[in-house]
Amino acid sequence: MENQSITELAKSLRAKHVSSVELAQIYLQRIKQHPELNCYISVTEEFALQQALAADVMLAKGEGSLLTGIPIAHKDIFCTEGVKTSCGSKMLDNFIAPYNATVVEKLNRAGAVMLGKLNMDEFAMGSSNETSYYGPVKNPWALAAVPGGSSGGSAAAVSARLAVCATGTDTGGSIRQPASHCGITGLKPTYGRVSRYGMIAYASSLDQGGPMTRSAEDAAVLLQAMAGYDDKDSTSVDQPVPDYSAGLNQSLQGVSIGLPKEFFGEGLDAGVAATLQAAVAEYQKLGATVKEVSIPNLKLAIPAYYVIAPAECSANLSRFDGVRFGYRCQNPEDLLDLYTRSRGEAFGKEVKRRILMGTYALSAGYYDAYYIKAQKIRRLISDDFKQALAEVDVLMGPVAPTTAFAAGEMIDDPIAMYLSDIYTIAVNLAGLPAMSVPAGFSGGKPVGLQIIGNYFAEQQLLNIAHQYQQITDWHQHIPKGFE
Amino acid sequence: MSLTADDVKKIAHLARLGINPEDGVAYAKDLSDMLELMTQMAALDTEGVAPMAHPLDQAQRLRADLVTEADLRDKYQAIAPQVEAGLYLVPKVIE
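In the order they appear, the protein sequences are chains A and B.
In this text, residue positions in the first sequence follow the working numbering: the first is 9, and each later residue adds one.
In this text, residue positions in the second sequence follow the working numbering: the first is -13, and each later residue adds one.
Just so you know, the hints here were simulated from the structure itself, not pulled from any lab data.
Every residue gets a Cβ at the ideal spot worked out from N, C-alpha and C, and that includes glycine.
Please note that the accuracy of each hint is not assured.
What the hints assert, rightly or not - Result set (BS3-like, lysine-lysine): computed pairs, CA atoms no more than 27 Å apart in a straight line:
| no. | chain 1 | residue 1 | chain 2 | residue 2 |
| --- | --- | --- | --- | --- |
| 1 | B | Lys61 | A | Lys357 |
| 2 | A | Lys307 | B | Lys61 |
| 3 | B | Lys61 | A | Lys299 |
| 4 | B | Lys61 | A | Lys98 |
Unchecked claim - Not the full set, but computed from the structure, chain A residues with beta-carbon under 7 Å of chain B:
| no. | residue |
| --- | --- |
| 5 | Leu267 |
| 6 | Pro311 |
| 7 | Arg332 |
| 8 | Arg336 |
| 9 | Pro340 |
| 10 | Lys381 |
| 11 | Gln383 |
| 12 | Ile385 |
| 13 | Arg386 |
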């Protein structure tokens, strides 16, 4: 039961091999059995059982969608009405969201059953899930290794079968990198495809929610329910949502794959490179053609991102002031002390670092040299991708330079951690959709293949990932101890 | 570009962010390292390139000037640190 896909589970539920309540109980039991991963910040058992009961009623009437009765968990960045929404921070440890994020609302309406809220790097700032106020998450494939971040709880939970599927968000790689490190399938949609309403903002021009699942087939089902125009998000894009599952059986004959040479240069681990080469060879067997392309300004994505994201973060996080919600310090002397101490006591080190960086980059005298310069480079990088995607259908490359690194290895070296985001953040700057697909193992740890597509080409990406998953079984491997 | 603990103090004040004085030097080093990374940007000629704010170059959407929200003050104030008579309380601002 724990290894069935969403579509298989939907059939099992309708054939009454299992009820939604039983399915929720199976997962709640597994969550209790595996506290060692620390993937959940909150387990919402009562809530889950209520939703499961309602799902069973719907199913009995022959109603519902593919997600009706399916146990899901949300990254704790999505507001869930009546349920603590912490964003991995002490700042929001006491925050019971007064409304639902649009994504949560849509999934509730689809009948999905929420098991709980998943651990993450504080305010989604981190690549290892070590900056969470609730402690680090462990990688189910190697407990001493990080699960990646910032959606580390989502990736670990799906990989360890502590949820059928999960939501995640990706500002600089936060869906794809943990998906790669935990051996699951993750998709960052085109910027604007999924509503950001009720998704706690980190860097608003980069943030995008997406599905984290075991397979591309499941991702198609979950994205279908998450995507779409939303009046409440002013950057949401008004474009029809295609039927993602219906597009999963297209031949790859003649599909052209571009391998950006900058993605395979210095710094890429040899084991990861060999795994990816094997994956590309599988694609050639499926009829795809391969060609070298170039993203000449790739290297500048890191400095540009680490100006733009902190700048936007410093503005977004100014709402946490100790006045309307969240943490407030004890006995403030005056208003300045209230702001300064509430924020100083409740934000962690990495969040502070980025607020400081962003404040500096936006301050008078530095704005043009940093922020405007970074935005210009952002356009050049975006143009590089446009050029490459005019030559080929999709791009393929690594998600991260290495497999999951050891816990503690990089936490005191922020620059080294930032540099490890090289292959993912450029995609966020361009706003393109991209996936991480399990492509094998190196040294016993999963390796993800990144597939980058053109704007709104999610259907094509899902099909390309699905075709690979028809001839390989990397996405079906289960970490030891979690069978 | 290298920042000092004193610079950090000034930036932290702009951000209304409390920093332990003993951490000032460490933050100064981290920020200096980040700025060092950013000097790479200066090497690229971006003359005439339009800054990019939105990946799809969309303009900010406007909507009709109509009331769309219900009055949820009580609900929102239920999670506030300190309220009284429908007002958010803060330390005295005006003497």
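Do the hints match the structure? See the list:
1. B:Lys61 with A:Lys357: Judged against 27 Å, a Cα distance of about 32 Å means the pair is violated.
2. A:Lys307 with B:Lys61: violated (47 Å)
3. B:Lys61 with A:Lys299: Status violated; Cα separation ~57 Å.
4. B:Lys61 with A:Lys98: holds (22 Å)
5. Leu267: Status violated, d = 23 Å.
6. Pro311: holds (4 Å)
7. Arg332: Since chain B brings a Cβ to about 5 Å from Arg332 of chain A, closer than 7 Å, the hint holds.
8. Arg336: holds (4 Å)
9. Pro340: Cβ of Pro340 of chain A sits 5 Å from chain B, so the hint holds.
10. Lys381: Holds, about 5 Å.
11. Gln383: Hint holds; Gln383 of chain A Cβ to chain B Cβ min 3 Å, cut 7 Å.
12. Ile385: holds (6 Å)
13. Arg386: With a minimum Cβ separation of about 5 Å from chain B (threshold 7 Å), the hint on Arg386 of chain A holds.
Going through the hint list in order, the structure does not satisfy hints 1, 2, 3 and 5.
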